[in-house]
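Number of protein chains: 2
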Amino acid sequence: MSAAPERFLGLVGQGVAAIDTPALVIDLDAMERNLHRLADWCRARGLRLRPHAKMHKCAELAKLQMAHGAVGVCVQKTGEALALAAAGVTDITITNEVVDPTKLARLARAVRAGGTRFALAVDSALGIERLAHALAEAGVRAPGAIDVLVEIDVGHGRCGAAPGEPAVALARAVASHAALRFAGLQAYHGAAQHQRTPEQRRATVARAAEAVARTRALIEGAGLAVPLVTGAGTGTFVHEAASGQWGELQAGSYLFMDADYAANTADENAPGFEHALFVKAQVMSRPEGRAVVDAGHKSHAIDSGLPRVWLPEGLAFANGGDEHGVLHGPALPALGETVWLVPGHCDPTVNLHDHLIGVRGGLLTGRVERVLRVDARGALD
Amino acid sequence: MSAAPERFLGLVGQGVAAIDTPALVIDLDAMERNLHRLADWCRARGLRLRPHAKMHKCAELAKLQMAHGAVGVCVQKTGEALALAAAGVTDITITNEVVDPTKLARLARAVRAGGTRFALAVDSALGIERLAHALAEAGVRAPGAIDVLVEIDVGHGRCGAAPGEPAVALARAVASHAALRFAGLQAYHGAAQHQRTPEQRRATVARAAEAVARTRALIEGAGLAVPLVTGAGTGTFVHEAASGQWGELQAGSYLFMDADYAANTADENAPGFEHALFVKAQVMSRPEGRAVVDAGHKSHAIDSGLPRVWLPEGLAFANGGDEHGVLHGPALPALGETVWLVPGHCDPTVNLHDHLIGVRGGLLTGRVERVLRVDARGALD
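Those protein sequence lines, which keep their order, are chains A and B.
Residue numbers for the first sequence follow this note's numbering, so the first one is 955 and each next one is one higher.
Residue numbers for the second sequence follow this note's numbering, so the first one is 955 and each next one is one higher.
These are calculated hints, taken from the structure and not from any lab test.
Please note: incorrect hints may appear among the correct ones.
[To be verified] Each pair of labels, with its calculated beta carbon distance range: (1) His1282(B) / Ala1157(A): 44 to 54 Å; (2) Gly1118(B) / Pro1284(A): 20 to 30 Å; (3) His1022(A) / Leu1080(B): 38 to 48 Å; (4) Gly969(B) / Ala1096(A): 33 to 43 Å; (5) Leu963(A) / Glu1267(B): 45 to 55 Å; (6) Asn1273(B) / Glu1153(A): 32 to 42 Å; (7) Ala1270(B) / Gly1069(A): 42 to 52 Å; (8) Ala1176(A) / Ala1285(B): 47 to 57 Å; (9) Gly1000(A) / Leu1080(B): 39 to 49 Å; (10) Arg987(A) / Ala1217(B): 20 to 30 Å.
[Unchecked claim] So the derived list for chain A, only partly shown, Cβ under 10 Å to chain B, looks like this: (11) Pro959; (12) Gly1081; (13) Glu1105; (14) Gly1144; (15) Met1238; (16) Ser1239; (17) Arg1244; (18) Ser1253; (19) His1278; (20) Gly1290; (21) His1307.
Small disclaimer: the values here were computed from a predicted structure and weren't measured.
Glycine included, each C-beta is placed from N, C-alpha and C at the ideal position.
The whole structure should be built from the sequences, with the hints applied where relevant.
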């Protein structure tokens, strides 16, 4: 689906009132302030910024981030990497394991095609063997044709090799293949992102940093350089940065900021981020005592909680199912009135939409500046 | 996106092993048994069946249902209705309110274009006025060009006019417009679908039936015929049928059956339905004590609970975030092995996928018979 659908045709230049509902709207002014705040913060500290594009899945935004200081972007899926590469993104790290031969074959063909530098995380000898085999099958023979990061589990309990010797063995295995460049360690603690207090997050990242330092020392002791440690997210990056262990930060949600991240108590000296992503909804039923809007959990993800009602103020959002939200409050909006919601979690919310509507000049009086395609929406593979 | 993506090309005729993960797979044999069971059950009782296509969003499946006894299908959204109509579905009821003039204008143009019979639910005088205005603007002048159902709130507490006099006033308002045919009442109790015991569901539907009977009598007393009462879902339809008030049933999930509906204690004499929708996933990381699969809540909705692990048996699924699921159990599958999941809730799960892979002959030894397009995926408007 390359063209905007009928309901978004001719929207550029019109006022926000013309945006059909439900729609996912970016406040471009707020987004750009977020964009610059993190880029400036990283630049001032000599840290590489590689934002996670699994959040927005949009090549145009990836390129905007790279035009403003990012060295590249991250994704989680082969399909996301290939969609963004096809749309011209030139530096992509898959911060996740890929062991399926058919996916590795697709990735190897993209490496051979050139134009984009890829990196991939590994946490198994089998994954490394299969990656090397796929590259060979695709005829990729250039030394270091792909960057490979050994992922270590720094406490999140999902993917990743155990820190220490198991990671050393994998680093050696990577280095044994000429087409693979051992690029360092992937170390991300997902659960830490949503610990609510700075003290909790600092303590969790301190333990992660110990695991990183120990593993790095062992790998270097084995005679392999560790060029980079990459990881961190919007909730914790100040702590990874302060540890001195990470050279590259992977925050993604900072660009849009969702209700869940906003529920964290902020770290001192952290750059502040504003909500820049909203679901525009509309009251479509107005029984006594409630207002029902036309946005349910097919319009916004609820894995990290229900959306917050941004405007009008003072309203509570209750789950109305797949296609509805039910509002309660002292001053309910009338039938047909617009309601703006802040999604609980931006990543899976964006994945429900084919387009993002970029508004300049604020939600109330702004105009549509552009319609962005969510290039990797539904790229699950 | 009309064509299947690269990863599904050439799949028809191949064994299930060739299906790239994660993918949404239909067990066609199980689905067809579900299809016939409900159609036969309704036919034996002289009830109309109008399955809810908000569940599968797929024109090919809507046509299959209509070829096996359904009078048409339901949807919740204008965009769903237009997508299915464009793909050749000829009888569509929007069981939801539409008050937005731009959406009503799109619907009116589709009414004018012909080829599909539409019905729409209303619960406000403003909605009725705007619908009549949109039809007039589109030049639709045929008497009864669209069916209009007055929705009453039978206890769910979402949309719908109050039963009794408010509904009578709306029925009169509908009948005052020549282009609108008053087609009866829409009466659906969503919350009742997931009450776990037959006794709870019977009691809830009994109260709903009282509201329906009272409202119908008042409307008939006002001199208007009530041609039809339509509603019910997979969890409760035996009770709506038994009440004698409903003439048309809107069950949708019966075709695929999800884990949430399967958690209901079944009604006596109800047809049994089998799980027919599965997420095919793959182990992509295998740390000590757990197996991580490549399907998270971007692959399956979690609003009604996490997916159940269908095969291999004996495994528990823990939420691994957007792109991962974490399996625990005594006999964990190896890296690269296939895992089959039953989604908690089929409707929003289907909405995450562009295609459904239809398999004949079972999940383990079957072959891909067809790749179905989810025509109305993302049709949020």
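Here's how the hints hold up against the structure:
At about 26 Å, the CB distance of His1282(B) to Ala1157(A) disagrees with the hint of 44 to 54 Å. Taken as a hint, the range 20 to 30 Å holds for the pair Gly1118(B) and Pro1284(A), whose Cβ atoms sit roughly 27 Å apart. Range check, His1022(A) to Leu1080(B): Cβ separation about 46 Å, and the 38 to 48 Å hint holds. With their beta carbons about 36 Å apart, Gly969(B) and Ala1096(A) fall inside the hinted range of 33 to 43 Å.
Hint check: Leu963(A) to Glu1267(B), Cβ distance near 50 Å, so the stated range 45 to 55 Å holds. At about 25 Å, the CB distance of Asn1273(B) to Glu1153(A) disagrees with the hint of 32 to 42 Å. In this structure the supplied range 42 to 52 Å holds for Ala1270(B) paired with Gly1069(A), their Cβ-Cβ distance being about 43 Å. Remark: the range hint 47 to 57 Å for Ala1176(A) to Ala1285(B) is contradicted by a beta-carbon distance near 35 Å.
Taking the beta carbon of each, Gly1000(A) and Leu1080(B) are about 59 Å apart, not inside 39 to 49 Å as hinted. Hint check: Arg987(A) to Ala1217(B), Cβ distance near 46 Å, so the stated range 20 to 30 Å is violated. Interface restraint check: Pro959(A) against chain B, minimum CB-CB distance 8 Å, threshold 10 Å, status holds. For the restraint placing Gly1081(A) at the interface with chain B, the shortest Cβ-Cβ distance is roughly 8 Å, inside the 10 Å limit, so the hint holds.
Among the interface hints, the one on Glu1105(A) holds; its C-beta lies about 8 Å from the nearest C-beta in chain B, closer than the 10 Å criterion. Hint status for Gly1144(A): holds, given a least beta-carbon distance of 6 Å to chain B, under 10 Å. Hint on Met1238(A) holds. Least Cβ distance to chain B is approximately 5 Å, under the 10 Å limit. Checking Ser1239(A) against chain B: minimum C-beta separation of about 4 Å stays under 10 Å; hint holds.
Proximity of Arg1244(A) to chain B holds as hinted, the smallest CB-CB distance being about 8 Å (cut-off 10 Å). A least Cβ separation of about 5 Å between Ser1253(A) and chain B falls short of the 10 Å threshold, and the interface hint therefore holds. Restraint check, His1278(A) versus chain B: the minimum CB separation of about 6 Å is within 10 Å; hint holds. The beta carbon of Gly1290(A) is positioned within 10 Å of a beta carbon in chain B (closest approach about 6 Å), and the interface hint is therefore held.
Hint on His1307(A) holds. Least Cβ distance to chain B is approximately 7 Å, under the 10 Å limit.
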